[in-house]
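Take the two lone chains and join them into the complex the hints point to.
Protein chains in written order, with the working numbering: chain A, 7 to 119; chain B, 622 to 734.
To be clear, the hints were calculated from the coordinates, so they are not data collected in a lab. Hints may be right or wrong, so weigh each one.
Listed below are the simulated DSS-like cross-link pairs for lysine-lysine, each with C-alpha atoms no more than 25 Å apart in a straight line [unchecked claim]:
(1) B:Lys721 / B:Lys662
(2) B:Lys689 / B:Lys638
(3) B:Lys677 / B:Lys721
(4) A:Lys37 / B:Lys662
(5) A:Lys37 / B:Lys638
(6) A:Lys63 / B:Lys677
(7) B:Lys638 / A:Lys63
(8) A:Lys63 / A:Lys37
(9) B:Lys721 / A:Lys37
(10) B:Lys721 / B:Lys638
(11) A:Lys63 / A:Lys23
With the C-beta cut set under 10 Å, the calculated list includes, among others, these residues of chain A facing chain B [as the list claims (entries may be wrong)]:
(12) Gln12
(13) Pro14
(14) Gly34
(15) Glu48
(16) Gln108
(17) Arg115
Glycine included, each C-beta is placed from N, C-alpha and C at the ideal position.
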Amino acid sequence: EADIYQTPRYLVIGTGKKITLECSQTMGHDKMYWYQQDPGMELHLIHYSYGVNSTEKGDLSSESTVSRIRTEHFPLTLESARPSHTSQYLCASGGTLRTDTQYFGPGTRLTVL
Amino acid sequence: ELKVEQNPLFLSMQEGKNYTIYCNYSTTSDRLYWYRQDPGKSLESLFVLLSNGAVKQEGRLMASLDTKARLSTLHITAAVHDLSATYFCAVYISNFGNEKLTFGTGTRLTIIP
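Extracted from the complex, chain B is given alone in its bound form (with noise of 0.2 Å):
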């Protein structure tokens, strides 16, 4: 069974530092998902990262997948409050034509001003 694993679970951090937000998966997969939800709200998607090495940026977000260690990285540039939000990973897993996403635990990501 894939397991998807964030962490931190908690981040509360001062505007204008940096920090990284980490997720472990269990099992082989090229394709990986960020997605940001306020509270309340839905999803939104940030980055899609699709091969080893691959690494995505927008504005103080960047994302990268190391696919042989089974790990992506959500690295946060000089944070703004605006940033704060829960950010969840998710794995893209296909097995015999199905195809499904497992989500991790989710990062509630607080910026203090």
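One chain only, chain A, in its complex shape (with noise of 0.2 Å):
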């Protein structure tokens, strides 16, 4: 079973307010991800990592940014949070071998109202 945490697991906050959407895992991973998802929708990647120090932007353009201090902590903030960032974000890991799958957090869902 997959060790990797997200809080909060709901959030309603207003607009202009700034938030970190906490992600973490306890497997070594040297690979996290962040995905956003709306209702019943597919899933798009916003940013990645591949260690320390390493964060790139995924596909899907986001207001948000990442930081990657530590292995196993891969924070979210989002500086000024607005009614169009409404929707579930989803935290994943991976490790190195070719075999290994991305592991989901429970996700967060976010209300910006």
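The following block contains the structure:
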């Protein structure tokens, strides 16, 4: 069973607030990912990291930023939340072997009023 | 740009019946994943297919990969209600060291008693 955690699970916040979504994994994986998913829709990669001090933007443009100071921790920050940021955010991690799967956290459902 | 298309998008079937979900993708890849997502939940890994002709089976689900046709199938045998969920395929791409998954649109499966 994958050990990847996200907090908070649900967040309702007003426009203009700064928020940080936490993601941590205990598997020692180098690779970590953030996806955005609207209800019932496909996942879109917004950020990824291949290791400490490595971060890249994904396929979907996002106003969020990420950091990777420790292997196990990959937080996502929105400096000024807007209603268009309302979505589910899924964090995932994967190992380095060719067969490795991406394991997903439980997700954070964000609502910006 | 890689496109991953699933069909059907919605599938309602009776218990006990067989059906197949198709995943087509537009560029070369030799690795494909299938995930399951229950409503409001995160993604659960089902299968990883690593080569042309690969076939994996778990219970009533069987997945296969044809890299030449750029096609993967997820076959459901004698469906039961517990299989109701959204199923995603995800295609692995490695480009100059950047490794990413591109997800399909998802197939929402409803099994009717």
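Status of the hints after comparison with the structure:
Taken as a hint, the lysine 721 (chain B) and lysine 662 (chain B) pair is honoured in the structure, with Cα atoms around 22 Å apart against an allowance of 25 Å. Our distance criterion of 25 Å between C-alpha atoms is broken by lysine 689 (chain B) and lysine 638 (chain B), whose separation comes to about 29 Å. Between lysine 677 (chain B) and lysine 721 (chain B) the alpha-carbon distance is near 22 Å, which keeps this suggested pair within the 25 Å criterion. With a C-alpha separation of about 22 Å, the suggested pair lysine 37 (chain A) and lysine 662 (chain B) falls inside the 25 Å cut-off, and the hint holds.
Distance hint between lysine 37 (chain A) and lysine 638 (chain B) is unfulfilled; the C-alpha atoms sit about 40 Å from each other, more than 25 Å. For the proposed pair lysine 63 (chain A) and lysine 677 (chain B), the alpha carbon gap of about 33 Å is over 25 Å, so the pair is violated. At roughly 43 Å between alpha-carbon atoms, lysine 638 (chain B) and lysine 63 (chain A) are farther apart than 25 Å, so this suggested pair is violated. Restraint check: the Cα-Cα separation between lysine 63 (chain A) and lysine 37 (chain A) comes to about 14 Å, which is no more than 25 Å; the hinted pair holds.
A hinted pair counts as satisfied when its Cα atoms are at most 25 Å apart, and lysine 721 (chain B) with lysine 37 (chain A) qualifies at roughly 10 Å. Taking the CA atoms of lysine 721 (chain B) and lysine 638 (chain B), the gap is about 35 Å. The hint is violated against a cut of 25 Å. A threshold of 25 Å between alpha carbons decides the hint, and for lysine 63 (chain A) with lysine 23 (chain A) the separation of about 22 Å falls inside it, so the pair holds. The closest approach between the C-beta of glutamine 12 (chain A) and any C-beta of chain B is roughly 8 Å, which is under the 10 Å cut-off, so the hint is satisfied.
Here the hint on proline 14 (chain A) is broken, as its CB sits about 14 Å from the closest CB of chain B, past 10 Å. Because the smallest distance between the Cβ of glycine 34 (chain A) and any Cβ of chain B comes to about 17 Å, over 10 Å, the interface hint for this residue is violated. Checking glutamate 48 (chain A) against chain B: minimum C-beta separation of about 5 Å stays under 10 Å; hint holds. Interface hint status for glutamine 108 (chain A): upheld, as the beta-carbon distance to the closest one in chain B is roughly 6 Å, under 10 Å.
For the restraint placing arginine 115 (chain A) at the interface with chain B, the shortest Cβ-Cβ distance is roughly 8 Å, inside the 10 Å limit, so the hint holds.
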